[in-house]
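Novice: So you can see what is in the structure, the chains are spelled out below.
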Amino acid sequence: MRNIATLLLLGGLSFLLLVITGGLLFGNPPMLIGQGIQQAAPTEVGAANIVTAVVLGYRGLDTLGELSILFAAATAGGLVLGSTRGRSGRPGGFILRTGVDLLFPLMLVAGLYVVMHGHLTPGGGFQGGVILAAAFFLPLLARPQESLDHTWLSVIEALAGSAFIALGLAALFEGRAFLTPLFDHGVLGALVSSGSLPLLYLAVGLKVGAELASLLVRLSADDEGAS
Amino acid sequence: MIGALDMLLLAALAAIPLSALFATTRSGRWLLVAAYAVQFGLLIMLQPATAAHSALSFQLLGNAVGWQMDALGWYFAVITIGSAGFAAAYAAGEWSEVNGRLGLSLRWLYAGLQINVLAMLLLLASGDFVSLFIGWELTSWAGLILMLLAGGDAIRASLRYIVYAIAGGMTVFAGLVITQAAVGSLQFDALHAAAPSLGTGRLWAIALLFILGFSVKMASMPFHLWQAPAYAYSPAPGSSFLGSISARMGLFGIALVAIKLIGLAQLDRLSLVTDLVDLRGLLTWVAVFTAILPTFVAMRQNDARLLLGWHGVGQGGYMLLGVIIADRLGSAGGLLHVFNHATYQAILLMAVFAVIHRTGTADLNRLGGLVTRMPLTFLAMLIGIIGLAGLPPMNGFVSKWMIYRALIVDGHPLLFVATVISTLGTVLSVYKLLHNTFLGQLRLEHEQIHEAPWSMTVPMLLLCVVVFVTGAAPGLVLQYVAAAQQAIGLEPVRYILGGIESPTGSLDMLWITAILFAGFGIGAVLFYLIGGRSRRVHQLDNYAGGHFLTADVRYQYSDNFYAGLMHRIRPWYRGSFEWTESALVSALGAASTLARGFFEQANPAQWVLVGTTVIMTWVMWYALG
Amino acid sequence: MNWAIGLVMFVGAVGLSVIGIAGMLMSNHLFRMVLALAVAEAGANLLLILAGYRWDAAAPILLPGHSTQAMVDPVPQAMVLTAIVIGVGVQALALSLVIRVRQHYATLDMRVARQRMQDALDQAAGVVPPRSQEGPAGERPLPAPTRTIEAGGPHD
Amino acid sequence: MTDVTLAVVLPLLGAFLLPLTAHRGLHWLGMLLGPALLALAALLLFATWTAFESPYAIALGGFAPPLGITFYVDLLGLLFALAVPLTSLLLWPGGSDEAAIRQQSLTLLLAAALTGMALSGDLFNLYVFYELAAVASYGLAASSATGPAFVAAFRFLLISALGSVVTLLGIALIYFKTGTLNLAHLATLSERLADPQGLAAFAMLLIGFGVKAELFPVNAWVPEVYAATGKRVAALLAGLASKLAVLAVVRILLLVFPHDEARQLLLLLGTLGVLSGELAAWQARDVTRMLAWSSIGQLGVVLVAFSLPGKAGLIAGVTVAMHHLVVKSALFLLADRWGGAVDRLKGAATASPLGAALFVLFALSLLGLPPLPGFWSKYLVLSGLAEAGSGMQHLALGVILLGTVIEGGYLLRIITRLYAAPERDIVPPAHRFPNLFASGLLALLLVAGAILIDPLWQGLNTLAASATDTQVYVQTVLGGKGITR
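Chains as they are written, first to last, in numbering that gives the first Met the number 0: chain A, 0 to 226; chain B, 0 to 624; chain C, 0 to 155; chain D, 0 to 484.
If you are wondering where the hints come from, they were derived from the structure by calculation, not from laboratory data.
By construction, the Cβ of each residue, glycine as well, lies at the ideal position given by its N, Cα and C atoms.
A couple of the hints might just be wrong.
Said to hold, decoys possible - Some chain B residues close to chain D (C-beta under 10 Å, calculated; not the full set): (1) 60; (2) 102; (3) 606.
Can you build the whole structure from these sequences, using the hints too?
Specialist: Right, dumping it as structure tokens:
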């Protein structure tokens, strides 16, 4: 009975949503700020990847908020799960262990690459951070008894987040608005360009990596470990 | 700068902490009685002829808020402070000591009494709708303090009271904001000036909301259920104070807003479709039914306090009736009845509480024969019930006579008959009260009862003097009633010291009293001349069927009083109002369960879907429509 | 042709959202509810990214020499990036809560968990569960009058 | 250095750094860090408040307004922003073990997010801050680490996350139609949103933000979360977080959707909220859930107030919201030890006379006993409704009054129990001092509000005059005047 009612409501909702979206202009967006950003970004920010210019420049505060949300989720996760829980489980087989050992440096490099080229190519701190987290999580699959050092993770978390804020505050101390990009833009498309954006992305990458790694570690801990 | 009104209000305010401080010692309590005397003196010094303004005034949220007291407020204020003073004196002596030992908080009692007085003074001295509402709400909540003190049944009664009171207060609140929307101001003058030009719809809304709200406090039908238990279960001084004056604040409100501000001419514009029924006609019938039904409910009560409480409700109907008729004689009668009722109701409640003080019960089936043990209390109650029943020469007769007279003169024979029926019920039931308490067989367990202490009897007897004197010389009070009538824009009654002077029929109580006493005197003289002798016998010196009866034989049963009459009218007591009330509460409970069910759904996300879909449908429908 | 592509896209976005919502409502399994949430979020993200799509436009990355080319709106892409990350955080937190719920109540059924929660809350508050037959329906202002002193009158 | 951005950034920084103090014997620093930063943020906002002359905007990152994110600083935003660190300080969880530090971290994050919501002038940024506040409150809701808390937090998370999905759909709709996110820019384009699609977008935003604003019908999480979690958290969520969510809705309503239909929607949902909340509270038999349902009813009044057009509505709304913030926070603090069954409270006044007196004071103000501020807030709402005078508004007026009557019934049920004689000499526990102290402070605030009501109202008038003037907002942000880059 409840399911039928739910289905009816869902049918109604999809119909209404389709009616509403059907009236929208697809593929021809007004782009009021999009156009402006496209024109201004190369000179104002200097990042070849305009999405990065938006993420770290025009909407830098959103990114800080986003980092904070991840941090909040990790903190809340820690609060919910507690942190002193044991891990057990059989170590992985030879292939898994060797594969992990081989993959680990590669993923590390790949992650860092994605992070550092965020202002030039698709990718960036978030994407790279996830790869980094995966890189650190892989060994846990292979050797469940060895735990990642939470202390280090939380130090990286804290410092990376603070670094992001510090870069923003630096602009404030110079008398400009919070999160104003610092330094010279450099040459469009060069690795060292677009001012402080790569630094910001590095902070983002580290923070996301540490955050996700600690979340994954907590989630993968044993049920029997606590209460 | 500080006017007489400010002095009065300040004195009332200052007396609150004093009450809390001094209420625990006997001398301290007498000091507090003196404080009431001071307040009364300050009030008398206030010249009510022209409205006395308070120096206190604010500009609050764009409204000028101030206080002023005209003759109407002054008249009610006299009764208020007087009742409080007598109540405080009644409890100052032994009563407080005994009840304090039993765990009653005397500090709260006396402070609560004083808070009530202050709240009522603020209400009576309101100068605009904001101060009116402030006073109104404070009065409602202050009453709660006195009601809650007794604990037990009183708590349930006061919970019921507060729901009614908040409902009434919120109705007044609605009237207030609608007045503001219609008139653009919360000043009394603004409504008075704008009332003639208001459309009938708005006028209906304003008049009805205010009158309904004030009626709840008056316990007019159909809001009458709360009052008797709420007032009756309060401790003695609280009960006598609340019973005397508290409910009359509603009458004050109606007189002020409906009669003075909206005006009779405007009220008469308010008629239902066919002009057959208009608001005032409706209200007169409400008033009459309020006079009749609670009186007959009172007749059935076996708790003396509740019996009196129900009478209080019924007498409110008389006052409303007089004020709504609003001619020279009727409105004077209604207003005079406020004073008269306050005096005799205070006596009756004090007498009942004196009996409770000595015997520990107010159950009319467990009392009887106390006349020899508590003669002064008996005397007080006798005078009180003569007043309540509206018989000469006590003051209740005068006000009721004026109301009857007005009904006849104005041509309301049906209403007149109805009020007579009510009076009949009153006479019957007050006799039950007197009989079951003081007459008949004394109970064994009450053998050793003594008269109530002087601290309790003296206030009662003083009030008896007031009842008698204002009964014999109603002109003493009528001069203030006439001033109050003028203050609300009615024609003042033409009074003489002994009563009323009018072309259609005058009343001179001095003559009536003189004739009455002359009659008694002649009778007594004749009796003794003929040689009649009276002999004093012991109360237990009885025999029946040739047998002497000992004290332990019950030969007189006071329950099932008026068996024949009650048998006749039993079908009328159907409890429809109680039923309606509990049905409303049950409906509220059902709605509440529904609402709870809404919040305790297994899957909370359901409501996101339902809400979104319904709202989207509304949006699309809105777009199409 | 273009409108057909648009329709497919919109149907996809709306469909994903509605399927996600359906999954959340019609399943009582805590873990599946989290998964359904992810699906619904995907739908919303898709609609968001559609808001910036332009026909015949390139990705908003400046390549040397192509700077004048029409590009899609970069802002929705940035927003979607943010929304995805938010979604990840929320889902991770949801999963940790699921783990804890399972530990405490040994169930993954929403109805059972809710019932146990209600009981525990009622117990902690010292309230008899409302399902009890004796439970009065709200508190009435006055109970039936006591026998010794008859109050109120009209009942007999 | 009096940039209000710091009021958002400092708590964030504190939240990031706080976990570090758990490790190295830095407990004293950890104990101090959060309160110090919150106090600093409050000082900063207060300094901005006192130095305030006219509204201005801050272009974050230094990008010209429609392109980048702006903060908009006006009295309305500042007032709510100022309430955030102050209330958070008052409700600070304290403690120095690991769980306590995490809870403090979340509280700081919540404070930062709520301050951000008060100041932000960008639609998507509002959403991000809203989400941050939401995630932080899931964590706080679960912080008492009991079974019920986990279930309640999970249910809260589900309903809120689903709400966020709906919000995202709404934002996508708006972006489809306007191609911009800046509220000022949207305000100039509000014509484009004056159609069913635009209204639908507003409804979606309303549902999403409504979850935290305890909006009917997406408020089913309220009673269980408040009952299952610590009372300080409940006070924070009911008192503070809900108000900022309402503020976000109001900003959007004022600037982007100045249509009657949108107001009508708000009015309708607010009225239903009053009705459902008060009705449900009538049957509640434990204090916490009674207060929770009552808070739903009160939030309904807030929404009804804000649905009134023009200055009057804003004044009424701000007054009701601020009053509820103070009163409900204090009531939840007092419910910390008294949260159980109403019948268990018999005789509590003898154990904690001050607590009982405070409870009575707050309850009376909630009921609108003049001259307490509750009366004035109710007066402003009701006179606004009477003034606006359509059938729907009169209905809302009636419902609010009916709600007050019901509220009187159940609050008095608590009060009479407090002052009743204890049963079998079981005296309910007295209050912990910090809670009593905090609610005492709030009581002082309430009394001060009652005394200073007229100056406060004058202040609100100027606040509302500028806040309701869309032109000022647009000029300030887009006109290039008063922008700090």
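Novice: Given residue 60 of chain B was flagged as interface, is its beta-carbon under 10 Å from a beta-carbon of chain D?
Specialist: At about 5 Å, which falls below the 10 Å cut-off, the nearest Cβ of chain D leaves the hint on residue 60 of chain B intact, so it holds.
Novice: Is the shortest C-beta separation between residue 606 of chain B and chain D less than 10 Å?
Specialist: This hint holds: residue 606 of chain B lies near chain D, its Cβ roughly 4 Å from the closest one there, short of 10 Å.
Novice: So, residue 102 of chain B near chain D? Judge it on the closest CB pair being under 10 Å.
Specialist: holds, 8 Å
In summary, this structure violates none of the numbered hints.
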